[in-house]
Amino acid sequence: MAAAAPPFSVAASNRVHMSSSPATKAVSAVRTENVRRHYPMGESLIRAVDGVSLTIEPGEFVALLGQSGSGKSTLLNLLAGLDRPTSGSVLVHGRDLAKLSSEELAGYRQNEVGMVFQAFHLIASMTTAENVELPMRFAEVDRTERAQRSRESLERVGLDNRLEHRPSELSGGEQQRVSLARALANKPSLLLADEPTGNLDSRTGEDILNLIRDLSLSLGMTVVMVTHERALAERFAERLIFMADGRLVNEEVRA
Amino acid sequence: MTGYDLVELAVRNLRQSKLRNGLTTIGISVGVASLVAMLSLGVGLQQMATRRLAGSGLFDTVFVTSRQDFRGFDREDDAKTSHPEQAPILDELARQKITKLANVTEVEPEIRVMGEVVSGGETHFGFVAGLPMSARVNEAFDNLQGKFFSTNEADEAILLTDFAKELDPKNPSALIGQGITLRYGERQALPQDPSGRPAIAGEENTANNGDDYGFSVVRKLQKLRVVGLIDSEPYGGMRTVSRGRIFLPVGTTERLNMAQFTDMRSSLRGASTKSYMTLTVRVKDPGKVAAVQDAISQMGFRTFSVLDATKSLRRFFTVLDLFLGIFGSLALAVATLAIINTLVMAVLERRREIGVMKAIGASDQDVKRLFFTEAGAMGFLGGVLGILLGLAIGKGINFGTAIYLTRRQLPAEAVWSMPLWLVGAAIVFSIVVSLVAGLYPAGRAARLDPVETLKYE
Chain P
1 MAAAAPPFSV AASNRVHMSS SPATKAVSAV RTENVRRHYP MGESLIRAVD GVSLTIEPGE
61 FVALLGQSGS GKSTLLNLLA GLDRPTSGSV LVHGRDLAKL SSEELAGYRQ NEVGMVFQAF
121 HLIASMTTAE NVELPMRFAE VDRTERAQRS RESLERVGLD NRLEHRPSEL SGGEQQRVSL
181 ARALANKPSL LLADEPTGNL DSRTGEDILN LIRDLSLSLG MTVVMVTHER ALAERFAERL
241 IFMADGRLVN EEVRA
Chain C
1 MTGYDLVELA VRNLRQSKLR NGLTTIGISV GVASLVAMLS LGVGLQQMAT RRLAGSGLFD
61 TVFVTSRQDF RGFDREDDAK TSHPEQAPIL DELARQKITK LANVTEVEPE IRVMGEVVSG
121 GETHFGFVAG LPMSARVNEA FDNLQGKFFS TNEADEAILL TDFAKELDPK NPSALIGQGI
181 TLRYGERQAL PQDPSGRPAI AGEENTANNG DDYGFSVVRK LQKLRVVGLI DSEPYGGMRT
241 VSRGRIFLPV GTTERLNMAQ FTDMRSSLRG ASTKSYMTLT VRVKDPGKVA AVQDAISQMG
301 FRTFSVLDAT KSLRRFFTVL DLFLGIFGSL ALAVATLAII NTLVMAVLER RREIGVMKAI
361 GASDQDVKRL FFTEAGAMGF LGGVLGILLG LAIGKGINFG TAIYLTRRQL PAEAVWSMPL
421 WLVGAAIVFS IVVSLVAGLY PAGRAARLDP VETLKYE
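As given, the protein sequences belong to chains P and C, one line each in that order.
Per the numbering used here, the very first residue in the first sequence carries number 1; after that it's consecutive.
Per the numbering used here, the very first residue in the second sequence carries number 1; after that it's consecutive.
No lab work stands behind these hints, which were simulated from the structure alone.
We put the beta carbon where it would ideally sit given N, CA and C, even for glycine.
Be aware that one or more of the hints could be misleading.
[What the hints assert, rightly or not] No more than 27 angstroms apart at the CA atoms, straight line, and that leaves these computed lysine-lysine pairs for DSS-like: (1) C:K455 x P:K187; (2) C:K288 x C:K100; (3) P:K99 x C:K368; (4) C:K170 x P:K99; (5) C:K288 x P:K187; (6) C:K97 x C:K284; (7) C:K220 x C:K165; (8) C:K100 x C:K223; (9) C:K170 x C:K97; (10) C:K284 x C:K100.
[Claimed, not checked] Okay, the calculated bits of chain C under chain P, using three or more residues with CB under 8 angstroms as the criterion: (11) 1-9; (12) 346-357; (13) 364-371.
Produce the complete structure using the sequences and hints provided.
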């Protein structure tokens with residue numbers, strides 16, 4: 001993995017350079033401005049995300065860390081367009097998600113975001129290939145192209161020999177690979193991973209993260225990963241962002 | 001999502017819980033079957049009634065009489081006749097004019113005379129009626145033994161079976177092909193004296209045409225060959241005392257110049273031409289009866305048809321269909337609840353799946369349409385199964401009534417009929433009902449918050 005380091009740091013230095021001159025400012029992959037997500041629970045108001053301003057540059061691999069209930073998953077869902085902020089804005093490639101209609105948000109999730117979950121969330125009744133094809137059905141991709149792209153995606157995660165298997169016939173690591181292949185199906189520019197290693201043993205977890213980092217590099221994909229495993233985050237992420245009580249409390253730049 | 005993908009996913013989902021969705025689909029099919037069975041019964045009964053009425057020959061017929069003659073049948077109509085004495089007479093000329101009207105297929109006089117059949121030294125009394133050749137299609141000839149008249153002027157007779165039994169109690173059907181002798185009264189001109197005047201003095205003994213002063217009725221004998229036997233009188237309608245027992249071609253009765261009691265009327269009138277008491281006008285189809293009736297009324301004659309009876313009959317069947325439809329719909333209403341229940345259960349079970357689909361790019365509309373399609377697919381399948389089940393029920397009803405009717409020595413008749421439009425309408429209705437039932441579950445699925453559903457586990 002050492003060979004992958006040089007282009008990574010070059011990209012990082014470019015970013016620093018570009019953000020320093022406002023006149024030629026490139027569009028960030030993700031930019032949130034004072035974003036809040038509050039919701040009532042009984043009598044009290046839960047401030048799950050409470051004024052987060054954050055910028056993530058294209059191609060960056062960012063880990064969101066924090067205790068459970070710190071608001072990291074809520075923030076991820078806001079980035080995914082699955083949830084809407086109470087106030088503030090969430091800009092992905094310059095587009096404010098808060099201003100999109102629910103149809104437009106669905107289109108955004110279809111084409112610009114890939115999601116990976118702790119529990120894999122594969123559809124049990126569908127084969128590996130069908131699971132990977134599902135997002136392309138929603139994106140109305142032509143049938144033959146669908147099959148081809150699903151095979152390609154599964155090749156990337158090394159599972160092209162498991163096309164006709166059902167999720168229950170696969171190991172946890174394999175299931176997470178399928179879910180990763182599904183996330184890649186519509187060639188997203190942003191990969192959001194919610195505790196992707198949470199249900200895996202440490203070796204398999206490492207394999208998955210290696211895969212994610214490789215894909216991020218080869219496809220130029222921005223990655224935001226929620227995790228509570230600091231050691232893994234330090235090994236793979238370029239930047240660590242710590243959250244507590246819905247706020248950003250610390251930031252560490254690796255690499 | 002494209003329509004094809006939608007259907008494929010929907011069918012796949014339905015197959016995931018075969019038992020539950022299968023039971024719901026059967027529920028729908030029972031609902032559709034009961035609706036279809038009820039409506040088909042209505043249609044069948046209506047067809048049977050229409051067939052009966054068309055067979056009776058009353059519904060394509062207009063009866064025409066002169067306003068000069070008998071009054072009092074229709075007081076309202078009488079009131080409109082200000083000068084009955086000036087009303088036209090129903091003579092040969094009028095008959096020809098009516099024949100030329102559009103949609104009129106036949107104009108025949110109503111001829112009914114008293115006669116006697118002489119057989120084995122005994123005489124048997126019976127009314128003789130003239131029948132037009134078109135009478136062949138009348139339902140009375142459904143059970144004809146032997147043949148119908150060969151021509152409209154043939155010396156042939158068809159007898160009522162009851163009358164034939166009078167003539168030959170042991171073997172009435174042996175009469176077919178046999179000759180009989182009919183005794184009847186012939187209308188004859190009065191005898192003339194050498195000067196050409198009627199030999200019998202009348203009111204004004206001046207004219208030279210004997211018929212001007214009346215006519216004489218002379219007993220005549222006519223040999224006829226029996227060609228057939230029937231059980232009931234064609235166009236019998238409500239006749240009681242004067243029910244015909246001996247039937248001759250109407251042309252023959254005219255040629256024989258049989259004297260009718262109504263001839264009394266023309267003898268009083270003193271007209272030189274023969275006039276008809278009643279003309280029976282047959283119309284191409286019952287729908288044209290009103291127009292023909294109008295045209296004849298315009299000519300100044302009194303008309304009568306049973307058109308009004310059909311109107312109230314149609315109203316009766318509309319109401320009957322409505323009630324049968326309501327009863328039939330009850331089962332479908334219950335099936336609708338089953339669809340709602342099944343789909344609500346499916347939404348609950350598939351919460352996580354719906355959340356995943358939304359997370360990977362399904363819109364609320366996609367989710368809604370998916371559940372809609374599932375509802376529609378169950379509706380379609382239920383509709384098709386329901387039609388088949390309905391057909392089976394119908395066959396059962398027809399089979400049952402056929403046995404019942406045959407036991408009572410009545411001809412079996414289909415009381416149940418499923419027209420093609422009903423098949424199509426039932427399937428469409430079943431789909432529409434299922435879609436309406438799917439509204440709530442589909443809406444609920446579409447509104448599911450993906451964040452909530454993915455948090456599960």
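Run the structure past the numbered hints and jot down the numbers of the failing ones, going up.
4, 5, 8, 9
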